[in-house]
Amino acid sequence: MSRSQLNRPSSPQRGWGDDTGCSVLHVDMDAFYASVSLLDRPELHGRPVVVGGGGTRGVVLSATYEARALGVHSAMPMTRARRLAPQAVVVEPDHRAYARVSAGVMELFRSITPLVEPLSLDEAFLDVSGAVRRLGSPARIGELVRARVHDEQGITCSVGVASTKFVAKLASTRAKPDGLLVVPAAEVVAFLHPLPVGALWGVGERTEEQLTRLGLRTVGDLAAVPRATLERALGPAAGRHLADLAWGRDSRAVVPHEPDKSIGAEETFATDVDDPDVIRRELLRLAEKVAARLRHQGWRGRTVSIKVRFADFTTITRARTLRDPTDVGQEVYATARALYEALGLQRARLRLVGVRVEGLVDAAGVAEQLLLDAPERGWREAEQAADRAVERFGRGAVRPATLVDRDVRPGG
Amino acid sequence: MRFRVERDVLAEAVAWTARSLPSRPPVPVLAGLLVEADKTGLTLSGFDYEVSAQVRVDAQVEEPGRALVSGRLLADISRSLPPQPVSVTTEGPKVLLVCGSARFALLTLPVDEYPTLPELPHVTGTLPSGLLATAVAQVAVAAGRDDTLPVLTGIRVEIEGDTVTLAATDRYRLAVRELTWHPEQPGLSAVSLVPARTLADTAKALTGIETVSIALSTGTAGEGLMGFEGQGRRTTTRLLEGEFPKYRALLPSESSAVATVDTAVLVEAVKRVSLVAERNTPVRLTFAAEELQLDAGTGEEAQASESLPCTLDGEPLTIAFNPHFLLDGLSAIDAEVTRFSFTAATKPAVITAGGTGEAAGPAPYRYLLMPVRLSG
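If you read the sequences in order, they're chains A and B.
Using the working numbering, the first residue of the first sequence is number 1, and each one after it goes up by one.
Using the working numbering, the first residue of the second sequence is number 1, and each one after it goes up by one.
In silico negatives: residues of chain A with every beta carbon more than 10 Å from chain B:
#1 Ala75
#2 Gly130
#3 Pro177
#4 Asp178
#5 Pro194
#6 Pro226
#7 Ser262
#8 Ile263
#9 Asp275
#10 Thr303
#11 Thr315
#12 Arg392
So the derived label-pair ranges between C-beta atoms look like this:
#13 A/Arg281 - B/Val151: 28 to 38 Å
#14 B/Thr211 - A/Arg240: 46 to 56 Å
#15 B/Leu73 - A/Arg240: 25 to 35 Å
#16 A/Ala348 - B/Leu117: 43 to 53 Å
#17 A/Gly365 - B/Glu50: 38 to 48 Å
#18 A/Gly365 - B/Val123: 54 to 64 Å
#19 B/Leu73 - A/Leu214: 23 to 33 Å
#20 B/Leu251 - A/Gly378: 16 to 26 Å
#21 B/Leu73 - A/Ile316: 41 to 51 Å
#22 B/Glu210 - A/Leu214: 52 to 62 Å
It should be emphasised that the hints constitute simulated quantities derived from the structure, not laboratory data.
Every residue gets a Cβ at the ideal spot worked out from N, C-alpha and C, and that includes glycine.
For reference, chain A alone in the conformation it holds in the complex (with noise of 0.2 Å):
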């Protein structure tokens, strides 16, 4: 989202130019959560409108476009939403709708072209090459697109066609809201040159402050050094990942799947807390119940990861690819207690941290090198024995000792 934000022009770029050989087409909806909310609630169109969690703690999930205005922006607290547009309408967020509109549109990209890679519930990518004759040039399936998900679903949605992925998500976003480009692919270069560098699919905000301290601002800036200086400077495949995005290639393939697998919990704090004992127990919890969804719904991941985020908002993310995927609730904290240790924090204070398993593949198909001197039965047998108790006696039945609560520890 931060994303979209950082390289939006003041006024959206249109058009479409020379389309040939621009394939591939990124469709992303309009202020999805707030354009669906607002699908019941016609009497709110026109209006700033925030939605958000309730509580004092909650985020913005997303805002109109009348609400952006005003400043407020996805992932920013409630609290901060509410004194910049004191009179914008608060909704509370639906799942379910967001859910069913998403499949809807999900639908009917596929009955353009079956090579569909959605990207989360309300952006896509879609390859249509194989579509042209059928349906007309790269562009004008891109209008057709606009129009059936505005006819079909009542929301507005914005299109890049470009000739990679990459360049067809920058050109969407520009696009936006309600628009579409084309990015010739002669025009490539002239497109992605004068864009900042945190525009480029990769670079988060630790890439873009160690590229901007290298003196280099904007994707022409990065186009111009040397490819082993990249390499050197980031890392032989961030470097070489960045020299070639600079000059538009991007080899990825569009490929049909369901957005990747991971199952994650966080928790945002009551009050900010900075005792790393308490963190640490926050991560345990966590981790039991992520592992604990993980076995329940046949999963195992291989890689863990956490998310930190201080009390003036900055977040972070941290991740660790294991040898062999997991299920352990144990093993899932180990990993995230040593990334949460390597990020070295001095009693900073902490709003939120999360724990979450990606690379999710089906339990029933992994192998398990064995050790040579772990027991047979271990954390993931013990694990499996505490889900049969909770399925039986309920939550909490059976849970880490740090977990329990200490007040009602009997005495000693």
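Given chain A, put chain B in place with the hints provided.
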């Protein structure tokens, strides 16, 4: 300093010493190779605080002296010289190297800043270099590569009289090799943990020498060293600290089934079948009375299978292994026939050289491999 040396002698000595030079030296002088000439010959030394290497060769020394020059550059130059005697002279801040009509002037590094190489500890015994290299290579395959568990990146060297036992494990497999050597004094008993990669490199680099002397200082202060010496070459490596797993308890004392297979045929078959085994997926081995069947891949992905002759004494069983780990063990066996001993499909299998019966006592080399558990 001024000396003349045979081209091949210099090239070989420089190559051997430069082997241990760090590619990214923590301090600039460590990129240097120390050249010292005295009345009796020429000494070349390299050191990176972990490993030191020193070689002494014959040379006609006209004027003793010492200089520190870039090891990488000297190695590149001496390798490319024409086949003629080489003369080396210091001239002010430079070292002049002349060979035939080729002339090189090399910059010198500040020799006073170069650290002193560690002393070689007392020699504790000797063994043939070929035996050392084979044994170390057999064990090094099982050593861990994960630097977060440093103890497992080492090879444990246990000396008990005239028996040396080498062991390494990454928790998935364990390789143990016993060999006989010639201790300097009877009743010697010592234990140390040597970085596996260094030990393997060192053992390989020493194969040109007939007999290697091994020197060991377990240093009570923690600065343990292991040294190797022979024919004018010596090298030391720093020891690792930490508690190596108690591996002897992991070696199964009995087995419920024993199979023997032709090693080369099995290696080829495992390589073929595992082509379809995606990352971290196993190859399955089904042992029957006279046939071993290999399978890899799942119903949703590519699949492969192959069968080959085997002999089996015991109950038929199916067991799955990581194909890389299996191949590591099979390649280390160094015998025409491989023998597998099993207890259960979730217990480690022991791979040894076939042909030797139970009566011959435990095999000198044992590779313990933990299987992969198949779910569903």
